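A.B. asks: According to the working numbering, numbering within the sequence shown proceeds without interruption in unit steps and concludes at 318.
Keep in mind that the hints were calculated from the coordinates and are not lab data. Any given hint could be a false lead.
As the list claims (entries may be wrong) - Calculated pairs, EDC-like style, for lysine to aspartate or glutamate (alpha carbon to alpha carbon, straight line, at most 16 Å):
(1) K303 x E316
(2) K219 x D233
(3) K222 x D177
(4) K198 x E312
(5) K219 x E172
(6) K198 x D310
(7) K317 x D295
(8) K303 x E286
(9) K198 x D177
(10) K241 x E286
(11) K237 x D165
To be verified - Pair by pair, the computed Cβ-Cβ distance ranges are:
(12) E316 x K219: 29 to 35 Å
(13) E278 x I164: 30 to 36 Å
(14) N299 x T240: 20 to 26 Å
(15) T274 x K236: 26 to 32 Å
(16) N299 x V163: 31 to 37 Å
Note that this is a predicted model, so its numbers are computed, not measured. Glycine included, every Cβ here is placed at the ideal spot set by N, Cα and C.
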Amino acid sequence: MEPPIEVIDSYLKPGEIFFGDRHNRVRTLLGSCVSIVLWHPKYYFGGMCHFLLPYPTDIKFEKTFKYGTDAFQFFLDEIKKSHTKPSDYLAKIFGGSNMFLNEEREILRNDATSLIGTRNAEFAKNILSEHQIKIISEDLGGNQSRKIYFSIWDGEVWVEKK
157 MEPPIEVIDS YLKPGEIFFG DRHNRVRTLL GSCVSIVLWH PKYYFGGMCH
207 FLLPYPTDIK FEKTFKYGTD AFQFFLDEIK KSHTKPSDYL AKIFGGSNMF
257 LNEEREILRN DATSLIGTRN AEFAKNILSE HQIKIISEDL GGNQSRKIYF
307 SIWDGEVWVE KK
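Construct the complete structure from the given sequences, taking the supplied hints into account.
C.D. replies: Right, here's the structure in full:
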């Protein structure tokens, strides 16, 4: 599908989220963070999040989209506002690199910080499964960063690994 005549280009920083219509392209840069991309193939709208951690690490936390739980709740709220169901959407997930070098992993030893990319990726898969959203594509893990570009008008995501 051809892009609209006017395209609004948005860049997500860590902890940001976007949900919009076919006139938008969203991009971000990922390392250990994960982006969930949701797209509605009938109505040509969708969203992208860029979360840093699956869950809040402190009981006294402020609601923020840097956590996968809060980012996904935002998606559910937007889906409800649009009078659609989560299972109507297709999902793609990206990121979850384990960016620490071997030497850094040795220093951290069993510290969960060294595997945060893996934990983020597992969270994304589990939350999508829990809400019966079909994952049609994923590019997860490894030790490279990724630039991703999501064209909402056609649901395509382009990935550039660095």
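A.B. asks: Now tell me, hint by hint, if it's right for this structure.
C.D. replies: To see whether the hints hold, each was checked on the structure:
1. As the CA atoms of K303 and E316 are separated by approximately 5 Å, the hinted pair is consistent with the 16 Å bound.
2. Taking the CA atoms of K219 and D233, the gap is near 14 Å; set against the 16 Å cutoff, the hint holds.
3. Using a Cα cut-off of 16 Å, the hinted pair K222 and D177 is violated, with the two alpha carbons roughly 23 Å apart.
4. A distance of roughly 14 Å separates the Cα atoms of K198 and E312; the hinted pair therefore holds under the 16 Å criterion.
5. In summary, the hint linking K219 to E172 is supported, as the alpha carbons are separated by about 12 Å, within the 16 Å threshold.
6. With a C-alpha separation of about 10 Å, the suggested pairing of K198 with D310 holds against the 16 Å cut-off.
7. About 10 Å separates the Cα atoms of K317 and D295, which keeps this hinted pair within 16 Å; it holds.
8. Distance restraint check for K303 and E286: the Cα-Cα separation of roughly 27 Å exceeds the 16 Å cut-off, and the hinted pair is therefore not satisfied.
9. Simply put, K198 and D177 have alpha-carbon atoms about 12 Å apart, close enough for the 16 Å limit, and the pair holds.
10. A C-alpha spacing of about 13 Å is found between K241 and E286, which places the hinted pair at or below 16 Å, so the restraint holds.
11. Restraint check for K237 and D165: the C-alpha separation of about 23 Å exceeds 16 Å, so the hint is violated.
12. Our hint of 29 to 35 Å for E316 and K219 holds, since their Cβ atoms are close to 32 Å apart.
13. Distance hint for E278 and I164: a CB-CB separation of about 32 Å, consistent with the stated range 30 to 36 Å.
14. A hinted range of 20 to 26 Å is violated for the C-beta pair N299 and T240, which are about 37 Å apart.
15. In this structure the supplied range 26 to 32 Å holds for T274 paired with K236, their Cβ-Cβ distance being about 31 Å.
16. Taken as a hint, the range 31 to 37 Å holds for the pair N299 and V163, whose Cβ atoms sit roughly 32 Å apart.
In this structure, the hints that do not hold are numbers 3, 8, 11, 14, in rising order.
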